[in-house]
Amino acid sequence: MATRKARRGKARGTGWRGPARAEEKTSGKPRALAFILLLAAGAALSLVLAGRGAPGERENRAAAPRPEPSVASWLSGGFSAAFEAWYADAFPFRAPLVAAGNAIERLHGLAGFGSAELVRSRGGETEDPGAPAGETLPPTEDPVELIETGKAFGDFLVLGDRAMELLRFRQGAVDVWADAVNAYSRRLDPAVKVRALVAPSSIAFLDDERYRSLSADQASGIRAAYAGLDPRVVRVDAHSAIGSHSREYLYFRTDHHWTGLGAFYAYRAWCAAANLTPLPLASFVVRDLPGFVGTLYGKTLNPRLKANPDTVRLYEPPFETSFEYLRHGGTRFESGRLVDAARGDDWNKYLAYFGDDWPLAVVRREGGDGRKLLVFKDSYGNALIPFLAAHFTEVHVIDPRHFQGDAVAYARTHEVDEVLFVNSFAVVSYYTGFAGNIARVTGAGGAAPASAAAPPAGAGSTLASEGEEATPSPASPDA
Amino acid sequence: MVFSSLTFIYLFLPAVLALHYASRSHAWRNGVLTAASLFFYAWGEPVWVILLLFSAAVDYFHGRLAESARGTWKAKAAVASSLVLNLGLLGAFKYSGFVTGNLNALLGLSLPVPEFNLPIGISFYTFQTISYTIDCYRGHAKAQKSFGKFLLYVSLFPQLVAGPIVRYVDIARDVESRRFDWDVFASGAGRFALGLAKKVALANAAGAAAVPFLDADPAGLPVLGAWYGIMLFAFQIYFDFSGYSDMAIGLGRMFGFSFKENFAHPYVSRSATEFWRRWHMSLGSFFRDYLYIPLGGNRRRAIFNIIVVWALTGLWHGASWNFVVWGLYWGALIAMEKAVSRVTRLKAPAPLGHAYLLVAALVGWVLFHHVDLGRGLSYLSAMFAFGTRPLSSPALELAATGKLFLVAFAALASTPLPARLLERLGVSTEASPSRGRPDKAGRSVLAPVFDIGLVLLSTALLAGQSYNPFLYFRF
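Respectively, the protein sequence lines represent chains A and B.
Taking this note's numbering, the leading residue of the first sequence gets 1, the next gets one more, and so forth.
Taking this note's numbering, the leading residue of the second sequence gets 480, the next gets one more, and so forth.
No lab work stands behind these hints: they were computed from the structure.
Zero decoy hints are in this set.
Using 30 Å as the maximum straight-line C-alpha spacing, the simulated DSS-like pairs for lysine-lysine come out as follows:
#: 1; chain 1: B; residue 1: Lys624; chain 2: B; residue 2: Lys739
#: 2; chain 1: A; residue 1: Lys193; chain 2: A; residue 2: Lys372
#: 3; chain 1: B; residue 1: Lys628; chain 2: A; residue 2: Lys29
#: 4; chain 1: B; residue 1: Lys628; chain 2: B; residue 2: Lys553
#: 5; chain 1: B; residue 1: Lys739; chain 2: A; residue 2: Lys29
Computed Cβ-Cβ distance ranges for the label pairs, DEER-style:
#: 6; chain 1: A; residue 1: His414; chain 2: B; residue 2: Val850; range: 46 to 54 Å
#: 7; chain 1: B; residue 1: Phe865; chain 2: A; residue 2: Leu75; range: 50 to 58 Å
#: 8; chain 1: B; residue 1: Leu870; chain 2: A; residue 2: His414; range: 55 to 63 Å
Just so you know, these numbers come straight off a predicted model, no measurement behind them.
From the three backbone atoms N, C-alpha and C, an ideal C-beta is built for every residue, glycine too.
With the hints as extra help, turn the sequences into a complete structure.
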């Protein structure tokens with residue numbers, strides 16, 4: 001086509017210079033045409049099939065939306081960034097392309113000693129590839145921002161069919177966490193018992209010291225976190241309790257959470273700290289859910305993990321419970337089952353223990369002695385709640401990342417007797433986003449908490465429609 | 480917009496190629512390219528596209544004045560005015576924060592430190608327009624009468640944001656008229672594919688692997704870990720930058736422009752002098768022709784000239800002292816090599832020369848990478864702390880074995896060997912130097928397979944970059 005144009009152009013004297021030696025010079029033509037065809041095919045397919053390549057549930061995120069052009073969004077540069085994000089997500093054959101890209105990257109080297117392999121987190125690009133080398137330095141992302149959006153910087157170690165997250169430690173981060181817990185406990189009635197449990201992750205119990213040393217030492221890290229807590233806050237030594245069973249199936253191999261069994265040993269440590277007699281494991285109703293391929297497969301895309309799925313073992317409490325929860329952005333409690341084997345797909349079966357990281361959930365047990373527990377947790381807490389429920393009439397569960405309200409007022413209103421912070425080492429050891437959220441919902445972020453006696457009528461806040469005490473929107477107390 | 484993006488490869492480029500080759504007249508083709516280039520620029524820099532237009536307008540008029548008033552004071556004034564305006568632009572947007580910050584620190588002032596986001600490519604296009612006005616003044620270039628054509632030269636998207644620094648004289652003929660040639664287009668496509676793969680498959684991979692070492696606390700790095708990290712950075716910056724130049728040259732050919740080469744396998748050099756003849760050649764020759772020689776070159780105040788040229792070469796790379804130190808470091812090595820060559824005619828054996836240059840380049844990259852000079856120095860001390868700290872660590876061994884083939888391949892790809900191999904196989908992407916035309920070797924049936932393979936490989940890796948699973952659920 002272009003030759004014809006070129007000849008025609010020449011014939012009309014429109015600027016193509018030189019003789020058109022078409023016969024002699026067509027030997028580069030197949031190469032040029034192949035390239036043009038590739039671009040044209042890519043362009044056509046991407047326009048026709050746009051949207052077929054959306055990120056799967058594996059990525060735990062929605063596809064980037066197609067941006068609406070506007071003068072303001074164009075001028076801010078927001079439109080072009082959003083457009084590129086949309087196009088990348090909507091690109092045809094995205095899943096096989098991602099798989100191919102991953103297969104190519106696996107050719108980068110030997111898989112370490114034995115079958116060990118180090119995988120870098122795909123945490124989004126921080127460099128600007130458009131800048132000439134050296135002219136612009138990659139912006140460092142704010143660590144708080146990183147944890148908020150889940151883009152936590154991290155590496156993963158794959159050993160055989162097992163992946164582990166490598167964690168980092170900063171004294172400053174655990175201090176922020178301890179301060180947030182202290183500040184909350186100081187706002188509570190002195191009679192309320194406060195306990196804290198920092199849950200170690202799987203790499204803490206790896207036998208091989210060489211590999212374990214790739215990650216921050218969790219025993220000393222947890223000690224450092226506990227050292228900053230007020231004497232009033234009782235420390236739960238889950239690390240030792242889990243460590244003495246380290247041969248058992250305590251952590252998933254393909255997912256970054258502990259198993260129900262790992263949570264059970266943490267529960268026993270909590271009982272020891274609370275002077276309670278734990279229920280024996282045998283009293284729970286066991287149910288196995290095979291075929292779980294979790295988040296660490298999503299992160300590493302290692303075929304050995306996919307070929308060797310985990311089994312989720314559920315421990316259903318031997319007593320009746322009711323379970324109510326708020327969805328994200330929801331204003332009305334919904335009912336469900338605390339432990340529910342039907343919840344979650346193969347890639348997120350961990351949901352069976354408790355469900356999503358609900359902003360707020362309440363487990364109620366018929367009978368009981370009337371005592372109430374308030375738990376602040378990240379997803380590690382989810383597998384622990386069914387065990388804790390045995391000892392209380394009500395267990396209130398707040399996920400500070402998503403809860404929109406005043407947790408001091410909440411504790412007073414519901415007259416909780418005990419508070420437990422269950423936080424994984426991963427969310428407190430390096431980033432301060434989680435601790436910041438604790439401070440936010442507990443009013444310890446610097447400003448005084450809203451008075452529990454005269455709560456503002458927070459229309460649209462999470463609890464308003466329940467007829468319970470209205471809680472202020474998170475912005476107001478911290479503003 | 481960046482070349483190494485799905486948007487560029489599968490939307491922008493095919494659209495511009497189609498519009499360009501569907502245009503019936505040369506004026507239309509130029510118009511399509513100019514409009515596309517401005518769109519390309521505004522995609523990433525929607526506001527400061529105005530600076531680009533301003534800089535083009537300034538030198539369009541100054542170039543004409545410098546030519547028409549040649550020999551009079553007016554021509555000199557035109558050059559001076561162009562320098563003031565262009566360097567003023569660069570100074571305001573790139574260096575004002577650096578200068579006020581230093582003044583505050585030095586004099587104890589508290590001037591407000593301006594914070595501009597550096598407009599993309601400003602370091603490149605201001606240098607290009609300066610070179611044009613000076614060339615008009617010197618009579619090396621014929622001033623362009625048409626603003627449209629001049630704007631095409633300044634804004635031409637293949638070379639707009641990351642070089643090479645194209646001089647007007649080199650493409651003046653192409654701006655006036657271009658010849659379509661399947662061979663040229665084919666070799667351009669091949670060159671683009673090669674540059675794309677260099678950027679996406681090598682530079683990005685090396686960069687990701689370097690992060691845990693470069694961003695670690697240098698005090699905790701084992702000796703070999705420090706060397707390993709900076710070696711990966713050396714690969715990253717070379718394949719990134721030379722890949723970009725390859726893509727620019729390839730795109731230029733696809734549209735009928737021929738740009739000069741910008742890199743010639745710099746890591747195979749045996750001296751600092753040779754390295755800078757092979758690294759970012761368009762920048763080196765700019766400083767040589769428009770600064771070093773006018774200052775008197777090596778005949779007058781040679782030491783002073785070397786210091787000025789290399790300090791500014793360093794500073795061009797970024798508004799920070801570490802770049803100045805990096806530039807002066809290279810200047811000192813080159814001056815030293817000159818002094819040695821004057822004293823003795825003996826040449827070091829080749830392996831020694833290579834080893835010297837590689838160590839020199841890696842030490843240089845440490846200074847270049849670490850904006851904080853103190854951190855750079857402690858990284859250097861980690862590299863040379865033989866005996867006082869561990870040589871290796873489990874993390875290093877795991878990382879290094881995990882990237883063994885990547886590193887070996889990158890090392891090989893830094894030499895001229897792959898280009899020779901490709902030529903043998905008939906998939907050359909080089910222009911034949913004797914005829915200035917693409918080599919016949921680029922016509923083998925393997926050539927399209929090679930190009931498509933590289934583009935598809937890069938596509939898969941680019942798609943992989945958008946794969947971004949969240950550990951911590953986001954709702």
